[in-house]
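**Student:** Sequence:
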Amino acid sequence: MDDKQVADYFVVAGLPPDEEPRPLEDYSNEAVLKSSHKQEPIVDITIINKSLGEVPPPRFRCIDFTPLGFPADLNHGSIRAHEMYICFRRGRDKPPLTDIGVLYEGKERVKTGCEVVYTTPMGRPANVNNTSSSRTYVTYRRADETAACDSLAVTDICVILVNKGEIPPHAFCQINKTLNKGMVGSDVYLCYKKSMAKTNYLAYAPAILDRYPREDLPNLPIPDTVAMFCMPLGAMIECWPKNAQHPLPVFSTFVLTGSIGQKMYGAAVTFYEEYDANKLSQQQKEQLVYDDSGTESTVHHNKCISLLSRWPFFETFKKFLAYLYRISISGPHHVPIEKYISHFLEELSRSIRREIHLFFLQFSDEAISLSQPEEIPIPQR
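Using UniProt numbering, read the sequence shown as starting at 1 and increasing by one per residue.
Read the hints as simulated data drawn from the structure, not as lab findings. Some hints here could point you the wrong way.
What follows is a set of in silico ranges between Cβ atoms, one per label pair, in the way DEER data are often shown [what the hints assert, rightly or not]:
{"#": "1", "residue 1": "Gln-283", "residue 2": "Thr-257", "range": "30 to 40 Å"}
{"#": "2", "residue 1": "Leu-256", "residue 2": "His-170", "range": "21 to 31 Å"}
{"#": "3", "residue 1": "Met-183", "residue 2": "Gly-106", "range": "18 to 28 Å"}
{"#": "4", "residue 1": "Tyr-118", "residue 2": "Arg-61", "range": "19 to 29 Å"}
{"#": "5", "residue 1": "Gly-106", "residue 2": "Thr-257", "range": "21 to 31 Å"}
{"#": "6", "residue 1": "Val-162", "residue 2": "Asp-64", "range": "45 to 55 Å"}
{"#": "7", "residue 1": "Phe-65", "residue 2": "Arg-214", "range": "56 to 66 Å"}
{"#": "8", "residue 1": "Ser-134", "residue 2": "Lys-111", "range": "15 to 25 Å"}
Each computed DMTMM-like pair below joins lysine to aspartate or glutamate, with the alpha-carbon atoms no more than 20 Å apart [what the hints assert, rightly or not]:
{"#": "9", "residue 1": "Lys-198", "residue 2": "Asp-144"}
{"#": "10", "residue 1": "Lys-285", "residue 2": "Glu-296"}
{"#": "11", "residue 1": "Lys-279", "residue 2": "Asp-292"}
{"#": "12", "residue 1": "Lys-193", "residue 2": "Glu-83"}
{"#": "13", "residue 1": "Lys-242", "residue 2": "Glu-215"}
{"#": "14", "residue 1": "Lys-198", "residue 2": "Glu-215"}
{"#": "15", "residue 1": "Lys-177", "residue 2": "Asp-156"}
{"#": "16", "residue 1": "Lys-50", "residue 2": "Asp-8"}
{"#": "17", "residue 1": "Lys-285", "residue 2": "Glu-20"}
Idealized CB from N, CA, C, for every residue including glycine.
Can you build the whole structure from these sequences, using the hints too?
**Tutor:** The structure is reproduced here in C-alpha cells:
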C-alpha cells in the first residue's frame, strides 16, 4: 500500500484581512443566494375570523391559500363553522418564534414556555376547531432575549389539507395534530419552516488566511475553492445584541475534487471572534445597524479551521480541531499551536495500515483511534 499522510493540509479560512472583501452575491453565479436568504424571522402570529369581517392587523400577512391553491381556512370543509385564518408578522423588534404548536384544551397542558392564542385581534374566541364540544388553539414559543444569534427560528408557515393530497412543502415540519376534530370537514394541518435567525449581517466571499504546508504537495495541489467549501455561507460580519450568547463552534464535513481529479475529504470547525468595529466603513455600519457607542451591540466575524485529507477520518479530525480551538481560547501555553499542527501532519504517522491506534496523550485525555475502512469491491476514489 502506498504511503500517505493522515492529513495533507491544515487551512484557516475567513474574511480577507487587507483587501476590500467581495460580497458573496457577487462572488460567482453558484454562490448567489436566494432572494429570501435575508428573510426576517416570524415574531408574531394571530388568528382572524373572516366570517365576522376581521382583517389582518397592520404589518401582518394572512395565509389565504394552501400550496395547491385551496382556501387556507382552518375550518375548511365545515358547513356551519366560522372561517378562521392564521396570520403572521415578520420583524426584528422582538425575539423570534422558535416553535408553533396545537393545543387541545382540556386534554393536555400548555408546554413550558409556550403562549396560547386564545383570542383574535378583535377579542373574539380564536378556537380553530369546527366543533363546539372541544376547543383547539394555536400555541407558540418565543426565543429568549439572550439567545445566540445563530439559533433556529420560525421563518415561514403554511396550511395543508391532507385529504386533498397535500403534503408539507420542502423543509417544512408538519404539526401532527389535526385542527378539525368534528365529523365533517377537511383534515387541516399547520406546517412551519425553521432556519437560522441571524440578525444584521454582511456576507463576503471567504479566503484562505493561512495554511500548512505553505507549498502545494506533489500530485496533490490544494483546490482554489477550498475556502468556499469550508464556509459555504460565506465570511460573515455580524452585529449582535450586547447580551447575546456566544454561539458554539460548528463542525462540518465536505468532499471535493482537486484539479487533477484527486478526491479530498475535508473536516472543518467554524467559530466566531470579535471584530474591530473601527474597521467598519460608514456604509457597513449602516447596513449592520451598528451603535457607534458600543453599549447596545457588538461586532463579530466567523473563522474556520479545517483539515484536508485523502482519508475520511472525520471523527478523529473533529476531535483534533476541537482541541485546537479549545487551547486557542484558553490562554498562553508552553507549546505553540503550530507545533501541534506540524506534529499531526508531518511527524505522527505517514503510513496507514490495516488498523492503527494513535494515542495523543499530550493532546487530550482521550485516546484517538484511526483505522482504514474495509476493502470493498466498489472503488472509493
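**Student:** All hints are to be evaluated individually against the structure, with a verdict given for each.
**Tutor:** Verification of the supplied hints:
Between Gln-283 and Thr-257 the Cβ separation comes to about 38 Å, which falls inside the hinted range of 30 to 40 Å. The beta-carbon spacing between Leu-256 and His-170, approximately 25 Å, falls within the hinted interval of 21 to 31 Å. For the pair Met-183 and Gly-106, the beta carbons lie near 19 Å from each other, so the given range of 18 to 28 Å is met. As the Cβ distance of Tyr-118 to Arg-61 is approximately 21 Å, the hint placing it in 19 to 29 Å holds.
Between Gly-106 and Thr-257, the C-beta spacing of about 59 Å breaks the proposed range 21 to 31 Å. Val-162 and Asp-64 have their C-beta atoms about 19 Å apart, which leaves the hinted 45 to 55 Å range violated. The hinted range of 56 to 66 Å is satisfied by Phe-65 and Arg-214, whose Cβ atoms lie roughly 58 Å apart. Hint check: Ser-134 to Lys-111, Cβ distance near 19 Å, so the stated range 15 to 25 Å holds.
Distance hint between Lys-198 and Asp-144 is fulfilled; the C-alpha atoms sit about 14 Å from each other, no more than 20 Å. Simply put, Lys-285 and Glu-296 have alpha-carbon atoms about 14 Å apart, close enough for the 20 Å limit, and the pair holds. With a C-alpha separation of about 12 Å, the suggested pair Lys-279 and Asp-292 falls inside the 20 Å cut-off, and the hint holds. Distance check on the hinted pair: Lys-193 and Glu-83 sit about 24 Å apart at the alpha-carbon level, beyond 20 Å; violated.
Straight-line distance between C-alpha atoms of Lys-242 and Glu-215 comes to about 42 Å, which puts the hinted pair past the 20 Å bound. Distance hint between Lys-198 and Glu-215 is unfulfilled; the C-alpha atoms sit about 37 Å from each other, more than 20 Å. Distance check on the hinted pair: Lys-177 and Asp-156 sit about 18 Å apart at the alpha-carbon level, within 20 Å; holds. The straight-line distance between the Cα atoms of Lys-50 and Asp-8 is roughly 64 Å, outside the 20 Å bound, and the hint therefore fails.
A C-alpha spacing of about 15 Å is found between Lys-285 and Glu-20, which places the hinted pair at or below 20 Å, so the restraint holds.
Of the hints listed earlier, those the structure fails to meet are numbers 5, 6, 12, 13, 14, 16, in rising order.
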